[in-house]
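Undergrad: Assemble the whole structure, with the sequences as input and the hints as a guide.
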Amino acid sequence: MSVVRFGEFELDEQTLELRKNGALTRMQQQPARVLAFLLNHRGSLVTREQIRLAIWGEDIFVDFEQGLNFCIRQIRLALNDQAERPLYIETLPRLGYRFIPQIEKSGDREVAPAEKRIRIAVVPIEDLSGQSETYFAAGLTEDMISALSRIDPSRLRVTAVPKFEGGHASAEHIDRLQRQLNLDYLLRGSVRRSADKLRITAQLHDLRDRSVLWSGTYDRQSGDLLAVQEEVTQCVSQCLALELLPSATVGSRRYSRSSAAYDAYLKGRFFWHKMTKEAIQRSMAYFHEALSLDPGFAPAYAGLADCYAQLGSIRVGQMKPLEALSKARSHLQRALEQDETLAEAHCTLGLIKSWYDLDWKGAEHEFQVALGLDASQITALLWQSLYLSVMGRHQEALGSLQRAREIEPLSCSVNLYLDEKKRGRHEPLEVAVPTCWQPTQA
Numbered sequence: 001m002s003v004v005r006f007g008e009f010e011l012d013e014q015t016l017e018l019r020k021n022g023a024l025t026r027m028q029q030q031p032a033r034v035l036a037f038l039l040n041h042r043g044s045l046v047t048r049e050q051i052r053l054a055i056w057g058e059d060i061f062v063d064f065e066q067g068l069n070f071c072i073r074q075i076r077l078a079l080n081d082q083a084e085r086p087l088y089i090e091t092l093p094r095l096g097y098r099f100i101p102q103i104e105k106s107g108d109r110e111v112a113p114a115e116k117r118i119r120i121a122v123v124p125i126e127d128l129s130g131q132s133e134t135y136f137a138a139g140l141t142e143d144m145i146s147a148l149s150r151i152d153p154s155r156l157r158v159t160a161v162p163k164f165e166g167g168h169a170s171a172e173h174i175d176r177l178q179r180q181l182n183l184d185y186l187l188r189g190s191v192r193r194s195a196d197k198l199r200i201t202a203q204l205h206d207l208r209d210r211s212v213l214w215s216g217t218y219d220r221q222s223g224d225l226l227a228v229q230e231e232v233t234q235c236v237s238q239c240l241a242l243e244l245l246p247s248a249t250v251g252s253r254r255y256s257r258s259s260a261a262y263d264a265y266l267k268g269r270f271f272w273h274k275m276t277k278e279a280i281q282r283s284m285a286y287f288h289e290a291l292s293l294d295p296g297f298a299p300a301y302a303g304l305a306d307c308y309a310q311l312g313s314i315r316v317g318q319m320k321p322l323e324a325l326s327k328a329r330s331h332l333q334r335a336l337e338q339d340e341t342l343a344e345a346h347c348t349l350g351l352i353k354s355w356y357d358l359d360w361k362g363a364e365h366e367f368q369v370a371l372g373l374d375a376s377q378i379t380a381l382l383w384q385s386l387y388l389s390v391m392g393r394h395q396e397a398l399g400s401l402q403r404a405r406e407i408e409p410l411s412c413s414v415n416l417y418l419d420e421k422k423r424g425r426h427e428p429l430e431v432a433v434p435t436c437w438q439p440t441q442a
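Sequential numbering from 1 applies to the sequence shown in our numbering.
Honestly, the hints are just simulated from the structure, not real lab data.
Be a bit skeptical, because a hint or two may be false.
[As the list claims (entries may be wrong)] DSS-like cross-link-like pairs, simulated, lysine-lysine; straight-line CA separation at most 25 Å:
1. LYS274 <-> LYS361
2. LYS274 <-> LYS197
3. LYS277 <-> LYS327
4. LYS105 <-> LYS20
5. LYS274 <-> LYS163
6. LYS327 <-> LYS353
7. LYS320 <-> LYS274
8. LYS327 <-> LYS361
9. LYS277 <-> LYS320
10. LYS320 <-> LYS353
11. LYS353 <-> LYS277
TA: As C-alpha cells, this is what we get:
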C-alpha cells in the first residue's frame, strides 16, 4: 500500500489516516475507504455500483444509497470541497463520481487479493469471575464484534455464536458449526476480574486445520480496561492480515476517559437489552452514573435516549409518548454533539423518526448512517426491518433480517423476527410503537 498525496492532503492507504499539511484530519473509516477507492481511480468515472461492490460487498442486504451519500458528504467536509464548485470530487449526475486533481503515490507495494470472503465466528467471552451478571464480558464481546466488523466488510464477515456449555465444545460441535455457518476461524476468550486486577485471554482458531493461529493473555489493572479491547482486536487483525488480509485496518471506537464510567455504561447496556420495565429503570441509573463520572460520554447519552424511547412505547408504557419523546430528543442531541459518528445514536434517531415522527425518509437515512458506521448493529437492522415492512418493502425488510441473522445466526430474537416475516406477518411481535400512534404508509 502507499501514501497518496493530493494538494495539501495525504491519505495513508494502510491506516486510512487523512492529513492536511501534516496535521491529522478527522475522518471515519467508511468514508476513508470510499476516498481511497476514488483516489485509486483518479480521473476516471466511478459508478455508485462500483463503489458498492468494492466497499460494501456484493451480497450486502441493506440499501447502501444513504450510506454512500453520507460518506461523500463527510469526504467533502474533510476536504472543504463543494459539490457545486468541486476541487476534488466531481459528481456526474446519474452516473457517479470522479476524483479530479493529480495525485502522487509513495511507498507502493503489491498486495495479493483475498480469494474469498473470510468468515470468523466470535464466541461470547466467558466470565470466570463468578459473578451472576456477566455485563462486562457481554459488553466486551459486543465491542469485539463491532471492531472486527469494521476491518474490511467486503472481505471479512463476522458472526456471533452462542457460548459453549460449560465453556467447552466437542470437536463434533465445532465441526457442525463450521459446516452450518461456513466458518474459517473461531475467536474465543475469557475474562477474570478480582479487586483491581483484570485478566483477559483470547485465542484465534483456524478451523481448516484445527490449529491455534494466535493466542494472547493480558494482565492489567482494572483502570486499563478501556485499552484492552482495542489491543486484543488489533492483535487479531494483525494476525489475519499476515495470513489473508494484507491491507486490513481496525477502526477504533471512542470510549470514556473514565474506566469507571465505561464500566457503568456496560452495566446500563446489559440491562437495557432485557427490555423490561424494571431493567430499563436500572439501565437508566447506570447511564446517569456514567455521566456523573464523565459528563462528555456520548454513548451514555445515547443509552438514556434509548431508555426514554422505550418508556413511551406500548411495550414498556411508563411515560406519555410526547413526554418520553422530548426527553429522548434532548439526550440524543447531547450524544450527537459529543460524537456525530456514534452508530447507536443514529440508530435511535431512526427509531424516533419512524415510530414517533412518521418521518419515513429521515428514518431510512438514519438507519443507513448507523449501519454505514457500524455494519454489525443488530438493533439498527431489526428496527430498519420494521420501517421497511411498514413501507410495504417486504423483500428489503427480509434482507435486513437476513443480514442480522448472518451476524447472530442462533439469536432467538433475530430468528423470531425472521420467522414472523417469512410467515407474512409484517409487524413482528415486539414493536415499540408509541401508545397514541400507529404508523401508516406514506
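Undergrad: The structure should be examined with respect to each hint, and the outcome stated for every one.
TA: Right, here's what the structure says about each hint:
1. As the CA atoms of LYS274 and LYS361 are separated by approximately 30 Å, the hinted pair breaks the 25 Å bound.
2. Between LYS274 and LYS197, the direct Cα distance comes to roughly 28 Å. Violation of the 25 Å bound is thereby established for this hinted pair.
3. A threshold of 25 Å between alpha carbons decides the hint, and for LYS277 with LYS327 the separation of about 17 Å falls inside it, so the pair holds.
4. Of the supplied pair hints, the one linking LYS105 and LYS20 holds, its CA atoms being roughly 16 Å apart against a limit of 25 Å.
5. Proximity of LYS274 to LYS163 is assessed by CA-CA distance (about 18 Å); at most 25 Å being required, the pair is judged to hold.
6. Among the hinted pairs, LYS327 with LYS353 is consistent with the structure: their alpha-carbon atoms are about 14 Å apart, no more than 25 Å.
7. Straight-line distance between C-alpha atoms of LYS320 and LYS274 comes to about 21 Å, which keeps the hinted pair within the 25 Å bound.
8. A distance of roughly 23 Å separates the Cα atoms of LYS327 and LYS361; the hinted pair therefore holds under the 25 Å criterion.
9. Between the alpha carbons of LYS277 and LYS320 the distance comes to roughly 14 Å, so the proposed pair stays at or under 25 Å and holds.
10. Distance restraint check for LYS320 and LYS353: the Cα-Cα separation of roughly 17 Å lies within the 25 Å cut-off, and the hinted pair is therefore satisfied.
11. Of the pairs offered as hints, the one joining LYS353 and LYS277 holds, with about 23 Å between alpha carbons and a cut-off of 25 Å not exceeded.
Violated hints for the displayed structure, listed by number in ascending order: 1, 2.
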